[in-house]
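So the protein sequences, as listed, match chains R and E. The opening residue of the first sequence carries number 1 in my numbering; numbering runs sequentially from there. The opening residue of the second sequence carries number 1 in my numbering; numbering runs sequentially from there.
Take the hints with a grain of salt, since some may be wrong.
Here are the simulated DSS-like pairs of lysine-lysine, each with C-alpha atoms no more than 27 Å apart in a straight line [to be verified]:
{"id": "1", "chain 1": "E", "residue 1": "Lys341", "chain 2": "R", "residue 2": "Lys217"}
{"id": "2", "chain 1": "E", "residue 1": "Lys216", "chain 2": "R", "residue 2": "Lys183"}
{"id": "3", "chain 1": "R", "residue 1": "Lys50", "chain 2": "R", "residue 2": "Lys166"}
{"id": "4", "chain 1": "R", "residue 1": "Lys228", "chain 2": "E", "residue 2": "Lys132"}
{"id": "5", "chain 1": "R", "residue 1": "Lys228", "chain 2": "E", "residue 2": "Lys301"}
{"id": "6", "chain 1": "E", "residue 1": "Lys204", "chain 2": "R", "residue 2": "Lys247"}
{"id": "7", "chain 1": "E", "residue 1": "Lys301", "chain 2": "R", "residue 2": "Lys224"}
{"id": "8", "chain 1": "E", "residue 1": "Lys216", "chain 2": "R", "residue 2": "Lys166"}
{"id": "9", "chain 1": "E", "residue 1": "Lys204", "chain 2": "R", "residue 2": "Lys168"}
{"id": "10", "chain 1": "E", "residue 1": "Lys132", "chain 2": "R", "residue 2": "Lys247"}
{"id": "11", "chain 1": "R", "residue 1": "Lys224", "chain 2": "E", "residue 2": "Lys216"}
{"id": "12", "chain 1": "E", "residue 1": "Lys332", "chain 2": "R", "residue 2": "Lys228"}
{"id": "13", "chain 1": "R", "residue 1": "Lys214", "chain 2": "E", "residue 2": "Lys152"}
{"id": "14", "chain 1": "E", "residue 1": "Lys132", "chain 2": "R", "residue 2": "Lys214"}
In case anyone wonders, no lab produced these hints; they're calculated from the structure.
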Amino acid sequence: MKILVCISNVPDTTTKVKFKEDNTLFDDSGVQWIINPWDELALTRALELKEDAGNSVDEVCVIHVGGAQTDATLRKALAIGADKAFRIDACAADAYYVAGQIASYLKENPFDIVFSGIESSDYNGSSVGAMIAEFMDYSGVSSVTSVNLDGDDVILYRAIPGGKQKIKTGVPLVAVVQKGIAKEPRIPAMRGIMMARKKPLEVIAATEMEMLTKSIKFELPKAKGACKMIDLENVEELVKLLKNEAKVL
Amino acid sequence: MIVNLVSFLRSIISYLKEKLMSVIAFAKNWNGKFKNSTYELVSYTKNLASQLNTQLIVVSIGEVKEEELKSLGKYGAERIISVNDSQMNTLTSRVYAQVISELAEKEGADTIVMSDNESGKAIAPRISVKMKAGMASAVLELPISMNPFVVKKGAFSGKALEYVQIDSPVKVITIAKNCFGFIEDQVDVSIEEFSSHLDAALFKIQVLEEEKQTNKVNLADADIVVSAGRGMRSPDNWGVVEELADVLGAATACSRPVSDEGWRGHEEHVGQTGKVIAPNLYFAAGISGAIQHVAGISRSKCIVAINTDPEAPIFGVADYGIIGDVMEVLPKLTEAVRNSK
């Protein structure tokens, strides 16, 4: 069995977001780039599945759509333990375009399970994983919080309002995963970092594909007013304010 | 004379075109019932349709009783198409996307809207591919402009707002919870049945079991959330959090370190990599308010912070604050809420 993990390259979660060119572009000066947190958890879980001797996972690969400047992020994925990395050489500006690129690679190079994070922490599109499933005509399960293998079947838990469902399905499959899929992301060890230098990072030319959306402008959320402080000995006052002033009780 | 005739014909054609185009709202039910987010979706799409000068079609998939369907009429759902098929009670994104796309083509719909939740996230991207329709998710208000079609949504996990232009003829959007509210608009409802003949091979997903916490308020839907962090010092201290939540009818939540330590389940983690929520009232007890946490709660209407450290960043985003130990403040607050009832 082969597992492919889709990787998005995003600003570190502590980044203070700024824009440039009249608020039409993200200002990436001084930004640290990381593997999208959900993708990192997905990769961690994929590697755990491979290491479990009871499963027959032969290979865990990562795929990404981006320019050469994102190679450091893919090297990190290799250092964490991925066997191979593929970078489709294009600018990832529209979800339909990105999913289409990954799908056209998959059509030539099939995988059994494709993992995708529920969203990317930059543009929060929440759509690439399920789009790949549709391009490929694969089954798909979204909001996945746990994945296990049972022979050729996949056993997943998916979140539903106020609970979860245990699901059994076959491959090929796209699992769109969220928090819970792995306990915490794996950190690359020194040996992994050394080995990552020798692992294959293949650059693939983009295919012809349309973009259906574009980002035209950004703005920062309005600053909040001052915080009204209430004395510790007077919590009744807070309850009154919540009722009469904020009108939320 | 000829010129007049041509312009007359043109206006008829454009009139017919407008009439043919419509807005589809996908009203997801859970065990045959709609949620508040569904009523908000109907309100949103009804207003969108009237701005576009077109009709709204509400689509329901799976078994839903007539009375429940008719409840959507309170917010303006005049025309409902119900795919009342028990085979489709379980969400299978492939099947749902197929049915909605089929209806959109049949009805000539050019804007398809659903809620940004577990089902919307699974179905909308598939419709996008099927219909080659540009997609925007977690949209925060009615479109800023219709032509070009521009919507406003969150980006960088709550740290920014983004304007997205959708260029394709058909558009798919999901709307964020509490983005619009409810506008009552009682109408008479007409319900049409529709059945789609689907290939059995599409139903590949088998639900083995379902676990539901029926005694707890669901975090994603909750109007009030009581959330606690490392300031609680030990998982054994959570009783005071649950008591306050209980008296408020609130859901409980926690910060990332708390769920990483295993003090609380990961489904309670609120923040950039956990759940992003938008309740009316959010209590942050013993949570310092790291930028990642704030990203998950910034759309709350009102934030109350309780922390021993007056310099904690959470006070920078809170509306009301109390400096003090959560173990002391929370029981007092519970008492005060109880007495105010």
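Which hint numbers does the structure go against, in order from smallest to largest?
-> 1, 4, 6, 10, 11
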